[in-house]
Every structure is written in C-alpha cells, then in structure tokens.
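A.B. asks: Sequence:
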Amino acid sequence: MARLLNSLGTLGVGLAIAGGVVNSALFNVEGGHRAVIFDRFQGVKPEVAGEGTHFMIPWVQRPIIYDIRSKPRNVPVITGSKDMQNVNITLRVLYRPMAKELPKIYMSLGEDYDERVLPSITTEVLKGVVAQFDASELITQRSLVSHRVSEALVERAASFGLILDDISLTHLTFGKEFTEAVELKQVAQQEAERARFLVERAEQQKRAAVITAEGDAKGAKLLAEAFEKAGNGLIELRKLEAGEEIAQNLANSRNVAYLPPGQGVLMNMPGV
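Numbers given in my numbering equal positions in the sequence shown, counted from 1, plus 977.
Derived from the structure by calculation, the hints contain no laboratory data. Note that CB positions come from ideal geometry on N, CA and C, so glycine has one too. Treat each hint with caution, since some may be false.
[Unchecked claim] Quick list of in silico lysine-lysine cross-link-like pairs, DSSO-like style, CA-CA up to 27 Å: (1) 1059 <-> 1081; (2) 1183 <-> 1195; (3) 1183 <-> 1216; (4) 1077 <-> 1022; (5) 1059 <-> 1104; (6) 1048 <-> 1104; (7) 1216 <-> 1198; (8) 1022 <-> 1081; (9) 1183 <-> 1198; (10) 1048 <-> 1022; (11) 1077 <-> 1059.
[Said to hold, decoys possible] Each pair of labels, with its calculated beta carbon distance range: (12) 1051 <-> 1031: 16 to 24 Å; (13) 1007 <-> 1067: 30 to 38 Å; (14) 1109 <-> 1044: 20 to 28 Å; (15) 1140 <-> 1007: 47 to 55 Å.
Could you put the whole structure together from the sequences, leaning on the hints where they help?
C.D. replies: Spelled out as structure tokens, the structure:
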C-alpha cells in the first residue's frame, strides 16, 4: 500500500513538472499583436509569430510582443521659416509598425522604437519643409505645407519600418515679435481704411455742396431772368398769392373777428 502511494506521489510530481514545462513552452499572441522570438543561441529569429498560441523552447527562447495597431502621437517642434521667424508646430501622427519588419525593428531600435524614431524624423522633416516658406505663406498655404510634410514623413518613416496612417498639423503659431507685428499691421490697415473712408466722405460732402451751390445760383439766375422778362406782372402774381395765403391764415385765426372795409390784406406791403 505504501509502495502504491509512493508511486502515485512520484507520478503526480512528474505530471506537475511536465505541466509546468509544457506551460512555459507556450505563449499567446493577442489580436492586433505580433511576436518576435529571441533565441539565446541563434539571436532574433526572422519569423514573426501571428495571433494565437505558439510553442517555444523554455529558457532558450522568449517572445517579444508588439502592438501593430495604429496609435496616435503628438510631436511638438520649434523651427524657423524662410524669413527667419520662429514657428511652433505640433504634428499629430497615427503610426504602426510593419509586421514583417518587426525583427529588424527589434534589433535596431528595440521595443520603444516610437520614442527613438518619431521625434527625430518629424523634427527633421518639419525643419526642411517649413524653411521653404515665409511666415505668411505658412498661414495662407497651410494645406500645401501639410501635403509636403506628409509626403516626406511617410517616405522617411518607411525606411525605419513604420507606417503612418494619418498626418495632420494641429497647432501652428509664431514668435511673440511676429505676432505683435501682425497685430500692428492689422491695426494700421484698419486705421488706413478709416482714413480713406473719412476722405471719401468729405469728398462726397464737398461735391454735394458744390452741386447745391450751383443749383442755387442757377435758380437765382432763372428767377432774375423771369423777373426781367415779366416786369411787374410776376411781382403782382406773387403779391396775390401772398395775399391769398394771409387771408386764409386770418380766416382760420380766432383772434381776428373783423377786417375794416377798404383795408386789403396787403396793406402793410410796399407798393400796395
């Protein structure tokens, strides 16, 4: 009986050891990940392990798991424009490693490849592209700047085994001196527009005054000619019109009840 128990104990220990060995010889690769195998004797193996469960030699090999899904990263850069203005740019990129290039990436860059590559190549590309534009052109031709940065950065990243799914300029500002100069220029333009408006308004008022004066002079001339041609007839007509207006006003006034006979409404006017 004791011998049987010893045999069972030995078998259990053996099974436990075997289970531990088998468990240590297996590793899992989750979805969206890939694995690179490092062998103590052969170095980094060229094969890339895909998703699923895989076998390895315990204590001889170990897996290095990489996430190959797109990840965002913001890279701020301070550089200079063509006209020597300081430019603060923040570039946002969506990046991921090429699965087949993972062994090379691990050997040359390690697991923190993004920290080693993205800041350096982004700074290099932005400095080269921004130096081709003046500060004003960076604002007015922003889409062209973004396109050139994207083309150059995609090509540069590919040489390190990286894929850039999206690149965008999220922040673009200039130095304090340039910003103040732009603000002063805008104020000057506004003042110039206001001064031009005032000059145009004064010119219009001057023209209106000239036209009014010319009209008054022409009216006086025509009136003088009419007096000259009509003689006293026109004056008598104006007197009759004035007398009619005065009579109408007196008739509507409550203070006048009686007008003596023989006294015309134009009795106080000269020549009546």
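A.B. asks: Would you mind marking each hint as holding or not holding in the structure?
C.D. replies: Evaluation of the provided hints:
1. 1059 <-> 1081: 38 Å, violated
2. 1183 <-> 1195: Status holds; Cα separation ~18 Å.
3. 1183 <-> 1216: 37 Å, violated
4. 1077 <-> 1022: 12 Å, holds
5. 1059 <-> 1104: Cα-Cα ~10 Å, so holds.
6. 1048 <-> 1104: Since the Cα atoms of residue 1048 and residue 1104 sit roughly 24 Å apart, the hinted pair holds (cutoff 27 Å).
7. 1216 <-> 1198: Holds - the C-alpha atoms of residue 1198 and residue 1216 are around 21 Å apart, at most 27 Å.
8. 1022 <-> 1081: Holds. Residue 1022 to residue 1081 sits at ~10 Å (cutoff 27 Å).
9. 1183 <-> 1198: 22 Å, holds
10. 1048 <-> 1022: 26 Å, holds
11. 1077 <-> 1059: 40 Å, violated
12. 1051 <-> 1031: 16 to 24 Å: Since the Cβ atoms of residue 1051 and residue 1031 sit about 35 Å apart, the hinted range of 16 to 24 Å is violated.
13. 1007 <-> 1067: 30 to 38 Å: 32 Å, holds
14. 1109 <-> 1044: 20 to 28 Å: 35 Å, violated
15. 1140 <-> 1007: 47 to 55 Å: For residue 1007 against residue 1140, whose Cβ atoms are near 20 Å apart, the range 47 to 55 Å is violated.
Of the hints listed earlier, those the structure fails to meet are numbers 1, 3, 11, 12, 14 and 15, in rising order.
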